[in-house]
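This is what each chain is made of:
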Amino acid sequence: MRKISIEELIALVPQYSIAGDPSGKYFTNIKVINEANQESLVWVSPLRKDKQQLLDETLADIIICDSSVDVSRVKDNGKCCLIVDNPKLIFLRIASEFFSPKIVPGIHPSAVIHPDAVIAEGVYIGPNSSIGACIIGAGSVIHGNCHLYSNVTVGKHVTINAGTVIGADGFGYSKNEQGEFEKFPHIGGVVIEDNVEIGANTCIDKGTLGNTLIRKGAKIDNLVHIAHNVVVGQNSVVIALAMIGGSTVIEDNVWVAPASAIRDGIIIGANSTVGMGAIVTKPIPVEEVWIGNPAKKMSK
Amino acid sequence: MRKISIEELIALVPQYSIAGDPSGKYFTNIKVINEANQESLVWVSPLRKDKQQLLDETLADIIICDSSVDVSRVKDNGKCCLIVDNPKLIFLRIASEFFSPKIVPGIHPSAVIHPDAVIAEGVYIGPNSSIGACIIGAGSVIHGNCHLYSNVTVGKHVTINAGTVIGADGFGYSKNEQGEFEKFPHIGGVVIEDNVEIGANTCIDKGTLGNTLIRKGAKIDNLVHIAHNVVVGQNSVVIALAMIGGSTVIEDNVWVAPASAIRDGIIIGANSTVGMGAIVTKPIPVEEVWIGNPAKKMSK
Amino acid sequence: MRKISIEELIALVPQYSIAGDPSGKYFTNIKVINEANQESLVWVSPLRKDKQQLLDETLADIIICDSSVDVSRVKDNGKCCLIVDNPKLIFLRIASEFFSPKIVPGIHPSAVIHPDAVIAEGVYIGPNSSIGACIIGAGSVIHGNCHLYSNVTVGKHVTINAGTVIGADGFGYSKNEQGEFEKFPHIGGVVIEDNVEIGANTCIDKGTLGNTLIRKGAKIDNLVHIAHNVVVGQNSVVIALAMIGGSTVIEDNVWVAPASAIRDGIIIGANSTVGMGAIVTKPIPVEEVWIGNPAKKMSK
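Residue numbers (numbering that gives the first Met the number 0), protein chains in the order written: chain W, 0 to 299; chain E, 0 to 299; chain U, 0 to 299.
Some clues are possibly wrong.
Note that the list lumps identical chains together, so a pair holds whenever it fits in one copy or between two copies.
Said to hold, decoys possible - Once the Cα atoms are required to be at most 30 Å apart in a straight line, the calculated BS3-like pairs of lysine-lysine come out as: (1) K174 / K281; (2) K296 / K215; (3) K296 / K101; (4) K281 / K101; (5) K296 / K281; (6) K174 / K101.
If you're looking for bench data, these hints aren't it; they were derived computationally from the structure.
Just chain W, same shape as in the assembly (with noise of 0.2 Å):
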């Protein structure tokens, strides 16, 4: 493996102090701290409790950390502390630019494509996957075994893992005089912003009329279900087997925590939170955090 300087790594850090000795030193791997050899690049959260023991006794020669820990004895060791504002951001960055799996753009031949769909450079769709007549913006991947109706847009740099569902019809039925449901017809489709990354097995309901709405920067993990005409606001997560109830708004910013359901119609406010398990039968006003079946304010 390659030997990553210390140098190499500093140029991609825009605001840092040193502790200890950074002569010499280098990283060829990415560990856990507590797993880590000498050859490793580290990191301490500092939210955890045992930080200070942790900075002690790794193996790494080099660790990322904040100023909440204690680093004077850090020269002693031999080892090197890039102290930062923000730990796990500026390693996953390292860890990003040295040692994330790169994905070479194309289409794997078992992917079935639309004759209609449109499809920008630099995109890779895996194998198995069945794409309708879409639009695919640049740099999106789209992994293996997913399904995209037609009528589905999406964004630049957009991730969709495997068997992930894209537009198929709502849920939408109204009973008839003979107590059976006739179907909705679903005509709108699915948009979906640039940056956004869904899991893996997730549904995403096309719109009956107008779009389903997945906007800029959200993030949206595995089994989680949208339904018809939902939006999800920027930079918005919605955690794993989650479930969104149709036309129902999520703002900006907001944490929907997994298991959680919220029902159809309703607005949750932006930078809110949502509970894991709560079960969401009103709106929720922005910056509030809500836990419970039903879910109700969590109290201070």
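Here the structure of chain W is known, so what remains is to put chains E and U in place on it, guided by the hints.
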């Protein structure tokens, strides 16, 4: 787009009255009422609090509504209301007739069909689907990336959305003397009756010895788990991320809301409702509404 | 159908006693006890309240039961009971031996296999599955429409049902100065040990730096989410629509019931039970039962 005259529309409506002047009116598109243009056909939901305002302010020339709104100003506005008992149902029938995308029958060449499968006339099977030794009834639609194990019987005019898996072994084990699980063999199948619709990425397991049964007209949404030997009754509804435990019987016309879970081996009585996120550990009598964790009968 | 004599049956049972007259008895099929015909092999569950009635009224000639039912009338009825300690286990072994469909090893031509994948003898890979640079152990079965990313190691005699996705990136991000999420690179993998069974449309994410680990004999049902770096212990069970958060450790012999959710970074002690729909936000000690939202220790 084709101009559809109000005469063509009226020909499809069994019973109605008219307010305003229908002469020369037509539509070329269907829209949500507050996003309409003059050439849109729209409807007003009787359940909306702002229905009068929506009616008064819409740009559409033709509006389907019921008698709960005041149509006295329609004539002066140069518009025309078709007044019916169930506007949603009438609107969806018109929409289906003129705007629903028609699926052309055929088996996509990338689909893998077991040599013993029996597939009727007018069936569509989408790309990258795998069909075992199954029977598929006339006019049914199986979208792409589905997987049907052998011994699944699908009735007529059934729709199965992408990514759905039908006929996997159920979750049945017995612990042996070493504390290891040994598996119950699953030799049953799945029977899906006519006019059933099933969402995307849903799972319906095969029966252990008998069959799992989805009865006529039932509607199942995305990411639903239906365990071995379950019965879902006629015109019952199971919405996204709901879980039905093994051998449980959902009787007719039941509404199972999203993210609910129903334990194994119980009966959910006809016309009952399981609320969103309800965790049902006991049988539910007919026509009751149960909510909460654990679920209890809702007090009025 | 072949007649299987009671002597063939008895040869597979280590310890038993007999009531009634076994001479000349045989079976040609296996059935649920109240749906049996004379040629059926059936069993009586010791847990059923109506077990005596089921035994007395069944049409089957051969019944596997335990000593909790009264077998004194069996002889007069011309039937024969095989009395064992664990009738379910004995029945499933007989059923597996004579009736379980055998899967013929082989890789379906529509499956896409990475050139660096290492696949042992006797493996089955079904139609439209995609296998990355993985190691697949002897005798394992991967049904169709599955997707294994690279760096997944599957042990021996593992079963993975259709539509399951293993090895997608976990849900790990850090917010940057602009309030946008940057992604933690996932360079870990997934290790699945021997005799694990995994349901349909389930997701098991890869580890961030280390591995996600499913230990020997664990059983995972349909539509389960297992996040990055989780450990599922030996012979533990995770049932449909359950959610296990990142880095959480499920110890051995744990029962995770359907539709439950367990937060990230905690330990669920050995032999404990997480009840249906439980929302677990704290570690669970060994051998406890937790239920509710939020989950609490069940009082006896």
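Pop the pair K174 and K101 into one bin, within, between, both or neither, using alpha-carbon distances up to 30 Å.
Between copies only: 22 Å across chains, 51 Å inside a chain, cut-off 30 Å.
Given a CA cutoff of 30 Å, do K174 and K281 count as a within-copy pair, a between-copy pair, both, or neither?
both (26 Å within a copy, 28 Å between copies)
How would you classify K296 and K101 at a CA-CA limit of 30 Å: within, between, both, or neither?
Classified as neither: same-chain Cα gap 43 Å, cross-chain 46 Å, threshold 30 Å.
Copy assignment of K296 with K281, given that the CA separation must stay at most 30 Å
Close inside one copy (11 Å) and across copies (20 Å); limit 30 Å.
Using 30 Å as the alpha-carbon threshold, which applies to K296 and K215: within, between, both, or neither?
The answer is within: 28 Å in one copy meets 30 Å, while 42 Å across copies does not.
What label fits K281 with K101 when the C-alpha limit is 30 Å: within, between, both, or neither?
Neither, since 43 Å and 37 Å both go past 30 Å.
Hint violations for this structure: numbers 3, 4, all remaining hints satisfied.
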